[in-house]
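If you read the protein sequences in the order shown, they are chains Z and E. Just so you know, we're using my numbering here: the first sequence kicks off at 1 and counts up by one. Just so you know, we're using my numbering here: the second sequence kicks off at 275 and counts up by one.
Just so you know, not all the hints are guaranteed correct.
[As the list claims (entries may be wrong)] Chain E is faced by these chain Z residues, among others (derived, beta-carbon under 8 Å):
id, residue
1, 36
2, 64
3, 66
4, 141
5, 179
6, 208
7, 251
8, 255
9, 266
10, 269
Don't read these hints as lab results, they were simulated from the structure. Yeah, the Cβ is synthetic: ideal placement off N, Cα and C, and Gly gets one too.
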Amino acid sequence: MWEKMANIDRRVIYALMILVIALALLNPIGLSIIPSDATIDAYDYIEAMPNGSTVWFGMEFSSGGIPELMPAAQAIIRQGFKKDFKFVACGMWAQAGDMADMAFNFVATEFPEKEYGVDWVNIGYKPGGEVLLPALINDVSDAAKGQDHYQNKLSSLPLMSQFKSLKDADLLIIFCTGTPGEQQYIKHVTGPHNMPLIESCISVSVPGIMPFVQSGQIKALIAGMKGAAEYEVLVEHPSTAMAGMDAQSFSHGLILVFMIIGNIGYFATRNKKG
Amino acid sequence: MKKEVPLAILFIVALIYIVANYFTGIELLDIAKDRLDDWYLSVDAVVRAIGLVNLAQIHGRRVANKREGYGYSIWLMVCMFGMLFASLFWFQGTTHTGWDFMYKMIISPMNATVYSTLVFYIGSAAYRSFRVRSPEAGILLVVAFIMMLGRVPLGAMLLGGNQAFATAADWLLRVPNSAGMRGIQIGAALGGIATALRIMLGIERSYLGGTGD
Numbered sequence: 001m002w003e004k005m006a007n008i009d010r011r012v013i014y015a016l017m018i019l020v021i022a023l024a025l026l027n028p029i030g031l032s033i034i035p036s037d038a039t040i041d042a043y044d045y046i047e048a049m050p051n052g053s054t055v056w057f058g059m060e061f062s063s064g065g066i067p068e069l070m071p072a073a074q075a076i077i078r079q080g081f082k083k084d085f086k087f088v089a090c091g092m093w094a095q096a097g098d099m100a101d102m103a104f105n106f107v108a109t110e111f112p113e114k115e116y117g118v119d120w121v122n123i124g125y126k127p128g129g130e131v132l133l134p135a136l137i138n139d140v141s142d143a144a145k146g147q148d149h150y151q152n153k154l155s156s157l158p159l160m161s162q163f164k165s166l167k168d169a170d171l172l173i174i175f176c177t178g179t180p181g182e183q184q185y186i187k188h189v190t191g192p193h194n195m196p197l198i199e200s201c202i203s204v205s206v207p208g209i210m211p212f213v214q215s216g217q218i219k220a221l222i223a224g225m226k227g228a229a230e231y232e233v234l235v236e237h238p239s240t241a242m243a244g245m246d247a248q249s250f251s252h253g254l255i256l257v258f259m260i261i262g263n264i265g266y267f268a269t270r271n272k273k274g
Numbered sequence: 275m276k277k278e279v280p281l282a283i284l285f286i287v288a289l290i291y292i293v294a295n296y297f298t299g300i301e302l303l304d305i306a307k308d309r310l311d312d313w314y315l316s317v318d319a320v321v322r323a324i325g326l327v328n329l330a331q332i333h334g335r336r337v338a339n340k341r342e343g344y345g346y347s348i349w350l351m352v353c354m355f356g357m358l359f360a361s362l363f364w365f366q367g368t369t370h371t372g373w374d375f376m377y378k379m380i381i382s383p384m385n386a387t388v389y390s391t392l393v394f395y396i397g398s399a400a401y402r403s404f405r406v407r408s409p410e411a412g413i414l415l416v417v418a419f420i421m422m423l424g425r426v427p428l429g430a431m432l433l434g435g436n437q438a439f440a441t442a443a444d445w446l447l448r449v450p451n452s453a454g455m456r457g458i459q460i461g462a463a464l465g466g467i468a469t470a471l472r473i474m475l476g477i478e479r480s481y482l483g484g485t486g487d
């Protein structure tokens, strides 16, 4: 028996993992989520900004990041639309335009008075990696070759008449799953031009980003799905992150159970092997 | 001369770029930096084309020699060139139905699927690797426990609403993790500077081809 505990077939782990996640997603029990200081800092920073501020949305992720980052993006858009913020979204990742499209079009249905081109613009993906950022500082329209994600001319969009340079943003909020991401923004934009930066990142990136948060180079961090769920609590609009936290909780619980079983099996069989 | 001239060009261009990044607001340097950034975009495009040719060569050889798993190589080339030619000649931009279909119905779900499967590997790997074989492994296990319970509401639920796990996880992230990460990041940055200097000064020449002599 001890041998079996120490060497459980990985297919058993996979099967139980699917079962636990599916059950949690199909029957969420709504574990209580208490916002952390880091998420409250992000919320308070945005809340303290004057109505009508312009916010840059850096969509630096692809579909793999949707479960962790999309809920945070949508929660911030909700908060921003209530404060009449203007959003300009763009990204160095190939799916940036699609991600922005998904975020804004979903929330815009709740705010029928908000209009594309006036309240938000989706510039979409623009190639070049990190050299795109200095180009956006110089001239957004030039860097974007004058077109948004939907092939509208930027000059035909009212919001873009006030937004000529990345420096025109009052706040930069970026959603990142990797490189290019926060380091490129800090190096080319927020560092040299002393601009505030808030980031929402996937959980595995949090340890690497913490030094930038402590140094103040990132004003606040919405960390992974947990941070997104906390943000949904703060904007009082439960959505997919809160539902996802149940699944994440129980999958963590299952992994911990397996870790305990594995160690019991290991200690029980260690002397026999020795 | 075959190596001296490229080395001299590299040294001068790198020097201009470094100076332009440190001393902003000087018009001539700003123009030079913008021009170099534009050149970077051109080089980047060429590099992608080289990557495309390189991939086609590698997988073309696999298919020609019918090496094990060559079917995957055929599929890779069908997808790679299919998307390339469809984008060049058929899809008229991101609003085209075909483009929309390829991105939203194929690339997006596949991307999400690959990422989602990680949870199964992580679960299996955690079960196998977190064994208390030494005191260090014991510390790792305790930290993993705290982090995994502190980063989800389950931790508080198990303690009847007490946030002890979350507080401990937060401390681990802010203090020991940040200290270690800062060291790694500074070390990597210094290594990057050293490598850049070696290339700039012509000590490291392997990128020029040949043996570096």
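>> Is the interface hint satisfied for residue 255 of chain Z? The criterion is a beta-carbon contact with chain E at less than 8 Å.
In response: 5 Å, holds
>> Using the nearest Cβ pair, does residue 269 of chain Z come within less than 8 Å of chain E?
In response: Violated. Min distance 11 Å.
> Once the shortest beta carbon distance from residue 36 of chain Z to chain E is found, is it less than 8 Å?
Replying inline: 7 Å, holds
>> Does residue 179 of chain Z hold up as a contact with chain E if the rule is Cβ-Cβ below 8 Å?
In response: 13 Å, violated
> With a cut-off of 8 Å, does the beta carbon of residue 64 of chain Z approach a beta carbon of chain E closely enough for the hint to hold?
Replying inline: 3 Å, holds
>> Min Cβ distance, residue 266 of chain Z to chain E: is it shorter than 8 Å?
In response: 5 Å, holds
>> Does residue 141 of chain Z hold up as a contact with chain E if the rule is Cβ-Cβ below 8 Å?
In response: Since chain E brings no Cβ nearer than about 15 Å to residue 141 of chain Z, farther than 8 Å, the hint is violated.
> Given residue 208 of chain Z as an interface hint, is the shortest Cβ-Cβ distance to chain E below 8 Å?
Replying inline: 6 Å, holds
> For the hint on residue 251 of chain Z, does the least C-beta distance to chain E fall short of 8 Å?
Replying inline: 6 Å, holds
>> So, as I understand it, the hint says residue 66 of chain Z touches chain E; can you test that by seeing if any CB pair is closer than 8 Å?
In response: 6 Å, holds
Of the numbered hints given earlier, the model fails hints 4, 5 and 10; all others are met.
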